[in-house]
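Quick note, the sequences are listed as chains A and B, same order.
Everything in the first sequence is counted per numbering that gives the first Met the number 0, starting at 0 for the first residue and increasing by one.
Everything in the second sequence is counted per numbering that gives the first Met the number 0, starting at 0 for the first residue and increasing by one.
The set of hints was computed from the structure by calculation and includes no laboratory data.
Careful: at least some of the hints might be erroneous.
Said to hold, decoys possible - In the SDA-like style, the derived pairs of lysine to any residue whose C-alpha atoms are separated by at most 20 Å in a straight line are:
id, chain 1, residue 1, chain 2, residue 2
1, B, 95, A, 63
2, B, 472, B, 539
3, B, 95, A, 62
4, B, 316, A, 62
5, B, 368, B, 298
6, B, 95, A, 110
7, B, 472, A, 175
8, A, 140, B, 470
9, A, 78, B, 141
10, B, 291, B, 479
11, B, 472, A, 142
12, B, 95, A, 117
13, B, 95, A, 116
14, A, 144, B, 435
15, B, 316, A, 63
16, A, 144, B, 437
17, B, 95, A, 108
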Amino acid sequence: MKKIVLSTIILLIAGTIFTGFAQSESYLKNRILLEGLYIRNLGNFGDVWSNATGGYIGYSIAFPDHNLLMMRTGFINNKLKDDLNTQEDLSYKDASLTMIPIEIGGRYYFINNMFMPFVQFMNGLNIVFENTNLEGQSEDKTMVKYAWQIGFGLTINIMDALSVDAGVNYQSNFYQHDAMNTGFEYAFGIGYALGN
Amino acid sequence: MKLIYSQKRIIALLLSILSISPVLLFAQNGQTNKLEWTQTELESSLYQSKYLINETPSAGMLNSLAFKQTSEQKWGTVNVPSTLSDDNFKPWESEKHFWIGAGEIAILEFIPWALAKWIRTWEDPAKNWANVSSDTWWRNLSSGWEYDGDNFTTNNFAHPYHGALFFNAGRTNGYDFWESTAFSLAGSAIWETFGETYRPAFNDWVYTGIGGANLGEIIYRLSSMVTDNTASGSDRVWSEIFGTLINPVRGFNRAISGEMGQNFPNPNWSRPEDFLMTFDGGTRTVDKNGDKQYRDNEVEGLFNLHFIYGNRFTAKKPFDYFGLEFAIASGLPHFTQLNSTGYLFGYNLEKNKHQFNVNLDFNYNNLIKEETTPTDTVYKGFLFGSAQLYPHILSKFPIGEKTNILTQVGINALLMSATPDDYFKDPEGRVYDFGPGIGTRIYASFQNGIWNYVSLLYYAAWLWTQSQPDNSKHHIHFLMLEAQYPFTSYFSFGVSAGIYWRNSYYEDYNGIINGVPYSREASEVHKNHPIIRVFFRTAIIDL
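The following block holds chain A by itself, in its conformation from the complex (with noise of 0.2 Å):
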């Protein structure tokens, strides 16, 4: 078994770096991406819910010479406040706020490039399971919201078929009217592309 993922990796890396030397018309190509994040929430629903950190992963068409449209989806993990989580108070004792998002979006590449800078537009909806509200009342529930980003970052064409990616973005998702799910997150990526 060993030999096996070994022999995989291997032939994965060889092939890597075999198509790094051949000749490429455009970085821009179809690709999965795996995305890590943070998100820094703001507002009344920062007050509560700190921050987040999850991950995506996600397949994007190229278009060229500009565009990419991108699908994914991941798992987000919010964090509460640290002085919510006291022992004097009980409230959110065990809260929990986690998101599955289901979105589609896309960049535009301003060149096509080793370095590659973008703009990027996702949009979607967020699956939220809670078992606390923002009150601290403990209460399960799931909730399907819209979600929204907007930011830029780059892309960097390591070799042929692989990239690292780090943006930052503004999100406004939806999660209740006096408290919307608004922030800010840096995402760090590895796309590894697919045929042309």
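Based on these hints, arrange chain B on the given structure of chain A.
Chain B alone, transformed into the frame defined by chain A:
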């Protein structure tokens, strides 16, 4: 090609109805010098004499840009001698001009902001929404979306029209339909977050961005149709003026790029293979109470302008086909209808018979009849607005050479819609609920040539209220049967009868809306509003 009335009269009529924004006047004023120059150049005596007596031109005449070879122009070709036509002229829209487009969005944001900030007189200066600062920007970014309390016309027409101008900041600077939609969405998001002190309104963003794309592409195509790059003389001057009135952003770009004074071929798409413009006038009777007693009717005059652009079976690009309906009523509110549907993409199932199309629709139907008493204002009648997608199966069943039965069966996917709220009145003027929805639409018509002898429309949708107070849902229906009989090839008499009915389900609500406590008990409300129309219709242009 059949031109029933004179072209100038048609264009004037078209524009008198479509030129509805003060922004248009700004744009026109800004181009006065350019147009005067063009007119002086083109209306030369050489042009006049050649055009009228049709004699062989002299060498001097050939040097005039205003010279025409024949009085009959062939669309899309330059009708001046090749020595005078600049075949190498590069049309402005053949390249992308991002920074010009971005600058135009900035101007389009600045004008209404500056009017509110410095020109408008505020009874309470604290309510001046243009007093933005870095604090309001951060507050808006932190607070996120809300649904605003503006009245129906502001939210469902003024914002989409503003979006149409944003859209054209992209479209007339070399971007395609989809890319230009990003301009209207971005322009709206910037305005909502940074142009007002209010929290950004989600309904504004959808109506401005998506409704703006619909109206924006329509005015782009109508403007391109009216403007004739091959024309000269007064025809050219008027075509530029009317084109600018329909689409001020395009007119502005034609002025700064020099296209207004240049002869070059029209884009081959600028005149569609089919185009029909009809006008009808008549009366409409609508029941205001909706209580099944049908004793509170309002009879009013109704004037409708319809456009059908392109062929829905051969459309390839977005809005290669669109339909537009615009209506003015003698009673209040005068601006009562603006409905459009535009082809986005589709798949041919059986050539010229069955097609799967997805359209982008915009609906504005304002039949709210306001009645003011000494103690209260009552809102009777109904309204309906939406920005929506319409995936559907389109079928044509030929009966004779020019006779068909046309059917459409599809799904209404409402991205944003508005329908009356029976209880809530926002101080800003909103008496309706906002929300997404889904439903169905079925349409069938018996057609002969340009006339629909009989047509039947059923439209239904479930709407889930997202604006505050939000725990309600509405089930709305339209059913409309129309029949018309053409007396001549371009004149018909018609009758239509229909009903709008709505079932609204309200749950208990106890909350605070804009700082004011609001409560409501659970209830169900059922409304029925029959509508009857009698009209005479005439075909103005049939291409």
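Hints, one by one, checked against the model:
1. B:95 to A:63: Answer holds: residue 95 of chain B to residue 63 of chain A is near 15 Å, not above 20 Å.
2. B:472 to B:539: At roughly 42 Å apart (the allowed maximum being 20 Å), residue 539 of chain B and residue 472 of chain B break the hint.
3. B:95 to A:62: holds, 17 Å
4. B:316 to A:62: holds, 17 Å
5. B:368 to B:298: holds, 12 Å
6. B:95 to A:110: Holds, at roughly 15 Å.
7. B:472 to A:175: holds, 18 Å
8. A:140 to B:470: holds, 16 Å
9. A:78 to B:141: holds, 18 Å
10. B:291 to B:479: holds, 18 Å
11. B:472 to A:142: Distance ~17 Å between residue 472 of chain B and residue 142 of chain A Cα, so the pair holds.
12. B:95 to A:117: holds, 17 Å
13. B:95 to A:116: holds, 19 Å
14. A:144 to B:435: It holds: about 12 Å lies between the C-alpha atoms, which stays within 20 Å.
15. B:316 to A:63: holds, 18 Å
16. A:144 to B:437: holds, 16 Å
17. B:95 to A:108: holds, 15 Å
Violated hint: 2 only; the structure is consistent with all others.
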